[in-house]
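So the protein lines, in turn, are chains A and B.
When we follow this note's numbering, the leftmost residue of the first sequence carries the number 1, and every step to the right adds one.
When we follow this note's numbering, the leftmost residue of the second sequence carries the number 1, and every step to the right adds one.
Calculated lysine-lysine pairs in the DSS-like style (CA-CA distance at most 25 Å, straight line): (1) B/Lys147 - A/Lys53; (2) B/Lys153 - A/Lys53; (3) B/Lys147 - A/Lys141; (4) B/Lys69 - B/Lys153; (5) B/Lys69 - A/Lys141; (6) A/Lys97 - B/Lys47; (7) B/Lys36 - A/Lys141; (8) B/Lys157 - A/Lys79; (9) B/Lys47 - A/Lys53; (10) A/Lys53 - B/Lys36; (11) B/Lys153 - A/Lys141; (12) A/Lys101 - B/Lys47; (13) B/Lys93 - A/Lys53; (14) B/Lys147 - B/Lys47; (15) B/Lys47 - B/Lys157; (16) A/Lys141 - B/Lys93; (17) B/Lys147 - B/Lys93; (18) A/Lys53 - A/Lys141; (19) B/Lys93 - B/Lys69; (20) A/Lys141 - B/Lys47; (21) B/Lys69 - B/Lys47.
Derived by calculation from the structure, the hints in this document are not laboratory data.
Note that the structure is predicted; figures quoted are calculated from it, not measured.
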Amino acid sequence: MRILNRVTAPVEADLTPMIDMTFQLIAFFMVLINFSQSEQHDRVVLPTSELAKPVDSPIEFPIIVHLTSDDAVVIGGDKVAMEALRSRLNPEISLLKLDGKTAADASIIIRGHRTAPGGRVQDLITRCQELGFEQFALRVKEEIQ
Amino acid sequence: MKFRHRSKQEDKTQLSMTSMIDIVFLLLVFFVMTFKISAQEGDFNVKMPLQGDGAPTDSTQLPLNLRLKSDGAGQLQEIVLNDNLSFGTDWSKLRGYVLQMVGDEAGPSEDEGPEVVIDLDYDLHYVHVIESITAVTGYRSGDEVVKLIDRIKLAEKRE
Numbered sequence: 001m002r003i004l005n006r007v008t009a010p011v012e013a014d015l016t017p018m019i020d021m022t023f024q025l026i027a028f029f030m031v032l033i034n035f036s037q038s039e040q041h042d043r044v045v046l047p048t049s050e051l052a053k054p055v056d057s058p059i060e061f062p063i064i065v066h067l068t069s070d071d072a073v074v075i076g077g078d079k080v081a082m083e084a085l086r087s088r089l090n091p092e093i094s095l096l097k098l099d100g101k102t103a104a105d106a107s108i109i110i111r112g113h114r115t116a117p118g119g120r121v122q123d124l125i126t127r128c129q130e131l132g133f134e135q136f137a138l139r140v141k142e143e144i145q
Numbered sequence: 001m002k003f004r005h006r007s008k009q010e011d012k013t014q015l016s017m018t019s020m021i022d023i024v025f026l027l028l029v030f031f032v033m034t035f036k037i038s039a040q041e042g043d044f045n046v047k048m049p050l051q052g053d054g055a056p057t058d059s060t061q062l063p064l065n066l067r068l069k070s071d072g073a074g075q076l077q078e079i080v081l082n083d084n085l086s087f088g089t090d091w092s093k094l095r096g097y098v099l100q101m102v103g104d105e106a107g108p109s110e111d112e113g114p115e116v117v118i119d120l121d122y123d124l125h126y127v128h129v130i131e132s133i134t135a136v137t138g139y140r141s142g143d144e145v146v147k148l149i150d151r152i153k154l155a156e157k158r159e
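Isolated chain B (complex conformation):
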């Protein structure tokens, strides 16, 4: 009987890598194309039940009514606190005043401490509302956030 001679090279099974590499590169391209470096987002929490619905009241008796005036084109014209203190358009002055006024009395929770009511012109750009909230809410000291006022409310809209 004759035995066929089989070489060692024929015995070696070879995996075809082509299809796997194709898929892997497709996956890589997908992830590279969808990758987007974006800044982190955060929230300013505003608890605003309807008036008279058991809304917590300001226990500190510090009326803080922040009026934001628009120049008619949506830009900030003036910041006025309690109808008599004008800070121009300087948020740091407002923050300094709030720090001086409520620095020791500010409560860390949302249910206690002074409250700021932000009253703005209808067309004032939203970015200025956020700037005002940032100015009264606190400031950053290194990596730490020092809280000033945590209770923010928006007044009824002006026509």
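Only chain A is shown next, with the shape it has when bound in the complex:
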């Protein structure tokens, strides 16, 4: 009996739909990634407010100050004593001057932890006022109903 020598083609899976889906997933996550989270601090849980609405246009010259749960002041990742706030903010004021602006043109964005003492916020504002800052923004989280 004669046996035919059959050449079997290698089995190949069609990867096209999987790659399509994977690229779509990557595109989805890339679009949704929120880089503004870099402004956040893990020791700050913001209070919520039903009136919180995202700002319409980006704030010009924002300086973000965190008031953390352990009562520390954090600016740009550095823990700053309230008494040393002046020396920490002076370089920012110099940068503003290079742009022909003053401290009054900048906005201090206060990201306070919900249980931080309110007096601490007052203290922070007073010290910033002494440096010439006039505009403050109290950052809150949107209340989801």
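On the provided structure of chain A, position chain B as indicated by the hints.
Below, chain B without anything else, positioned relative to chain A:
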């Protein structure tokens, strides 16, 4: 001359997909791991120049001095308006009063309209300060935000 016979299968060039799929999956894992669903954030703008530095004055002659008392542990004990009106700890009562008082006079801009000065105990939790600002600033009606008072100030800190 002898020609070597080349099969059609040898002519077919094949792209190696393995490395690309590896990278694509790495990217996917990165985005999935860093993805975080978070609520949107917003700001309450407070314009507070030093006293006497050309600070706009209250043109409506409605003195609104909001005193927030703490129970000593940071919780809200009492809300008092202008030293004589107590609202207990009910923000909706305060909002109702403000709505009744300044409803028609409230200006939409930050430079006009009545002004609220919030005077609080040092240890009062920040969340109550935000609650007070929310109560006097406005309220939400459906998707719309109805503004009441846009000018907020924090008083000097109490020792």
